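Asker: Listed below, chain by chain, are the residues.
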Amino acid sequence: MSGEEEENAAELKIGDEFLKAKCLMNCEVSLILEHKYEQLQQTSDDPMNQVSQVFEKSLQYVKRFSRYKNPDAVRQVREILARYQLAEFELCVLGNLCPETVEEAIAMVPSIKTRGRAQDDEAIEKMLNDLSLIKKFE
Amino acid sequence: MFLKVQLPWNVIIAAENLKPQGLMLQREIIIRLLGDFAMKKATKDLGYFLAVTTLEKIGEGKVRQHTGDVLFPVVFNAITFKIFKGEILEGVVHKVLKHGVFMRCGPIENVYLSHLKMPDYRYVPGENACFMNDKLSKIGKDVTVRFSVIGTKWMEADREFQALVSLEGDYLGPISTPDI
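Chains as they are written, first to last, in full-length UniProt numbering: chain A, 1 to 138; chain B, 1 to 180.
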């Protein structure tokens with residue numbers, strides 16, 4: 001891969017095809033994989049044997065690292081984050097790590113400041129508040 | 001990062017598995033696609049293959065000369081996982097060594113955090129060996145750690161990725177009270 005040296009997710013340099021690709025938050029992946037797993041349980045006695053190791057490890061991971069469990073909350077998180085002109089990648093990092101302060105959010109996703117998209121601290125603060133409200137009412 | 005991708009693939013159905021009824025053939029193609037998908041495990045460019053979500057299209061089959069197998073072009077949606085340099089992620093420690101720790105992150109088993117990349121932590125030997133800093137923050141087995149990715153490597157032989165990660169940066173390190 002030619003651009004490999006250049007790759008830096010902190011600056012949102014992850015290759016065009018990934019920048020345009022739809023990213024998924026851990027909680028979204030968890031809903032999808034759990035649903036798949038339930039479907040398998042209905043058709044097979046030994047569902048764990050039916051799935052690949054990649055599937056199994058990923059399912060364990062997203063179960064542990066999903067900040068939101070309820071499908072409605074998961075949808076709301078994406079809706080809220082989508083209001084802030086974030087790249088897909090940035091949106092999912094924020095949804096996964098749930099930073100508590102503006103400073104932490106910028107440390108997790110430095111590109112929200114450097115790309116000059118007028119993401120002022122106030123807007124970020126509001127976004128984090130909205131997210132923590134979902135968590136509270138989940 | 002987990003990604004939703006649309007992929008065009010070719011599925012080959014052996015001549016003896018070709019069933020005359022339309023739905024049976026479709027079933028055969030799906031079974032074959034799911035099998036191929038799980039077998040593939042990962043690629044360097046796209047990362048790990050987790051699951052097929054939807055099948056978009058099955059194209060016209062083409063008979064292959066000599067074997068009589070039929071090749072069907074299909075388009076489907078899937079979930080993949082790729083680790084990016086510069087990305088901030090969370091993982092779980094599964095092995096503690098004198099010179100660093102190995103973590104799991106998504107489908108990746110070998111996420112390595114060297115002691116050189118966690119400068120304020122010291123190795124504490126013992127039955128439950130771990131790394132600890134002056135504030136008694138501990139990195140041991142089953143601890144969740146937030147890190148930044150400094151390098152990734154594709155291992156062709158095992159079809160696996162390895163990653164080198166670091167705690168150098170703000171808000172990185174073990175997460176003591178995960179609110180999950």
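Among the hints, a few may not be true.
Unchecked claim - If you only want the chain A side, here are some residues facing chain B, beta carbon under 7 Å, derived:
{"#": "1", "residue": "Y37"}
{"#": "2", "residue": "F55"}
{"#": "3", "residue": "I80"}
{"#": "4", "residue": "A82"}
{"#": "5", "residue": "Y84"}
{"#": "6", "residue": "V102"}
What the hints assert, rightly or not - Some residues of chain B that are not near chain A, with every Cβ distance over 10 Å (derived):
{"#": "7", "residue": "V5"}
{"#": "8", "residue": "N10"}
{"#": "9", "residue": "I12"}
{"#": "10", "residue": "E16"}
{"#": "11", "residue": "A42"}
{"#": "12", "residue": "R64"}
{"#": "13", "residue": "K82"}
{"#": "14", "residue": "L97"}
{"#": "15", "residue": "G126"}
{"#": "16", "residue": "R146"}
{"#": "17", "residue": "G169"}
Source of the hints: derived by calculation from the structure; they are not laboratory data.
On a predicted model such as this, the values are computed, not experimentally measured, just so you know.
We put the CB at the ideal spot given by N, CA and C, even for glycine.
Asker: Compare the structure with each hint and give your call.
Answerer: Going down the list of hints, with the structure as the test:
no.: 1; hint: Y37; result: violated, 9 Å
no.: 2; hint: F55; result: holds, 6 Å
no.: 3; hint: I80; result: violated, 18 Å
no.: 4; hint: A82; result: violated, 15 Å
no.: 5; hint: Y84; result: violated, 18 Å
no.: 6; hint: V102; result: violated, 12 Å
no.: 7; hint: V5; result: violated, 6 Å
no.: 8; hint: N10; result: holds, 20 Å
no.: 9; hint: I12; result: holds, 20 Å
no.: 10; hint: E16; result: holds, 24 Å
no.: 11; hint: A42; result: violated, 7 Å
no.: 12; hint: R64; result: holds, 27 Å
no.: 13; hint: K82; result: violated, 7 Å
no.: 14; hint: L97; result: holds, 21 Å
no.: 15; hint: G126; result: holds, 26 Å
no.: 16; hint: R146; result: violated, 7 Å
no.: 17; hint: G169; result: violated, 7 Å
Hint compliance for this structure: hints 1, 3, 4, 5, 6, 7, 11, 13, 16 and 17 are broken, all remaining hints hold.
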